[in-house]
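Asker: Take a look at the letters that make up each chain.
Number of protein chains: 4
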Amino acid sequence: MAEKLKNLDDSDMNAIAEFSVIPLGVGVSLSPYVAECKKVLQERGIKHLLHAGGTNIEGEWDELMGAIKECQARLHKMGVPRVQTSIKIATRIDREQTMAEKVESVKEKLTKE
Amino acid sequence: MAEKLKNLDDSDMNAIAEFSVIPLGVGVSLSPYVAECKKVLQERGIKHLLHAGGTNIEGEWDELMGAIKECQARLHKMGVPRVQTSIKIATRIDREQTMAEKVESVKEKLTKE
Amino acid sequence: MAEKLKNLDDSDMNAIAEFSVIPLGVGVSLSPYVAECKKVLQERGIKHLLHAGGTNIEGEWDELMGAIKECQARLHKMGVPRVQTSIKIATRIDREQTMAEKVESVKEKLTKE
Amino acid sequence: MAEKLKNLDDSDMNAIAEFSVIPLGVGVSLSPYVAECKKVLQERGIKHLLHAGGTNIEGEWDELMGAIKECQARLHKMGVPRVQTSIKIATRIDREQTMAEKVESVKEKLTKE
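Protein chains in written order, with the working numbering: chain A, 529 to 641; chain B, 529 to 641; chain C, 529 to 641; chain D, 529 to 641.
No lab work stands behind these hints: they were computed from the structure.
Hints are supplied without guarantee of correctness; some may be wrong.
Identical copies carry no separate label here, and so any pair may be met within one copy or between two of them.
Below, in silico cross-link-like pairs of lysine-lysine (DSBU-like), each with a Cα-Cα straight-line distance of 30 Å or less [as the list claims (entries may be wrong)]:
#: 1; residue 1: LYS637; residue 2: LYS575
#: 2; residue 1: LYS597; residue 2: LYS635
#: 3; residue 1: LYS566; residue 2: LYS635
#: 4; residue 1: LYS635; residue 2: LYS575
#: 5; residue 1: LYS630; residue 2: LYS640
#: 6; residue 1: LYS605; residue 2: LYS635
The whole structure should be built from the sequences, with the hints applied where relevant.
Answerer: And the structure:
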C-alpha cells in the first residue's frame, strides 16, 4: 500500500463510478440524452452498465471524468440549456475491485448463510 | 392527468428509486451491509436490482421509503454507529414507467439510428 | 448505545439530510419549485438551511421524509409531470450531532493547526 | 447561445458543484477529512461554502473536478483505504449564475407572494 500511496499523484487512481445526467428545459424525456452518453462511453471504450438509476462505469479517474464531461458538453450541443449531473465515485487503495466483483461479493454473503 | 393530480394526496405515488448505504466506523467492507439490505427488500417483496453503484427499487413511495428506513435501522442494529444513505427517487404523473422500460427506452433510441 | 439500539424500531431515528428536487418538463427555472419546498418546511416547522446545492434539514427520520414526500407531491400539483429528487440522509447512534455542530467540527480542525 | 455552443469544446464550462467525501475504514469521524478538502480548495483559490451536507464550489469544470480529485488523493495519503465521493455538478449555457444568485432567486420568489 505504501508504494501505491507514494505514486498516487503521478499515476491515476482506479475508480468505480455511477452517474446520471438530467437535462432541464427540454421536456420530460430523458432517453435521447442517456443514449447520447452511452455513445460517448462506447466511443471511448469505457466499460459501462446502463441501469434504471444511471450508468455505472469503471476505469482510471481521469478517463471516467473526461467521459462524463464530454456527456455534459454533448447535451448542451444537443440544445439542452441546463444540465444537472449526479456522480458517485469510489476509489480504494487496499485492493483492486471491479464492478462485477462488488456485486459478487454481496451475493456470496447471502448464499453463505 | 387531472384525475391523478386530484388524488395525489390520498393515494400513494409510484416511484423508481436508487439507494446506497454507507456504514461508517466498521471497516472497509460494505458487502455484509448491502446483503442485509437485500434481505429487507426480499422480505418485503420489493422488486429490486443490485448493481455496482447501489440498488434500484420500484413501487409506491411509502413502501420504498419504509424499506430504506428499515435498512438504515438494521445497519445500526448490526453495530454500525453512523450510516450515510444516498437516495435518488423519481416520480412521474404523465405516464407509468417501470425500471425495465426506462432502460429499454434508451436502447430503442440507439438501435433506431 | 445498547438502550438506543433496543428502541430503534419503536422510536424514530434522528437524522441530518440534504435534498434537492429537479422538476422535468417545465422549463429551465428551478427557483419556484425550491421556494415551494421551502414553504413546506416552514409550514411543518422543520429546521432547514437553503444553499446553492440543495436544502439541509434536521429532525426525526419520518418527519424529514414526510416533508420531502410532500414537496414531491406539491411539485406535481404545480403541474410538473416528472420530478427527480436526490437525498442524502445520515443517522448516528454513537452521539447526537446537529447540522451546526458538523460544520463547527470541521472549523475547529482547521484552527487547531 | 449559438456562440457558446460552438466553443463548448475549446473553452471550459462554468459549473456549480456540490460534493462530499466519505472515508471508509478509518472510524466514525469525518471532520479531519472534510477539513483537508477545505485546505485543498483554499490552496487552489476556489470559491467554496461548507455546509452540513457537503461543500459547494463554483468555477470552471476542470478546475472543480481537479480539486475534487486532489481531495480524494489526499484522503488516501492520510491513510484512508477507501473513499466514496458524491458530486452534483450543474452547467447552464442560457445564462451565467453564481451560487449566491441561485439562493437569491428562491428568496425573491418567497418575498414576492
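Asker: Evaluate each hint against the coordinates.
Answerer: Hints and how they fare:
In this assembly of identical chains, the alpha carbons of LYS637 and LYS575 lie at most 30 Å apart whether taken from the same copy (26 Å) or from different copies (20 Å). Taking identical chains as interchangeable, the C-alpha atoms of LYS597 and LYS635 lie at most 30 Å apart only when they sit on different chains, with a minimum of 22 Å there against 33 Å within one chain. For the identical chains of this complex, LYS566 and LYS635 are neighbours both inside a copy (27 Å) and across copies (9 Å), given an alpha-carbon limit of 30 Å. In this assembly of identical chains, LYS635 and LYS575 lie within 30 Å of each other by CA distance both inside one copy and across copies; the values are 22 Å within and 16 Å between.
In this homomeric assembly, LYS630 and LYS640 come within 30 Å of each other (Cα to Cα) only inside a single copy, at 16 Å, whereas the closest approach across copies is 33 Å. Taking the shortest Cα distances, LYS605 and LYS635 sit within 30 Å of each other only across copies (21 Å), while inside one copy they are farther apart (41 Å).
In summary, the structure agrees with every hint in the numbered list given earlier.
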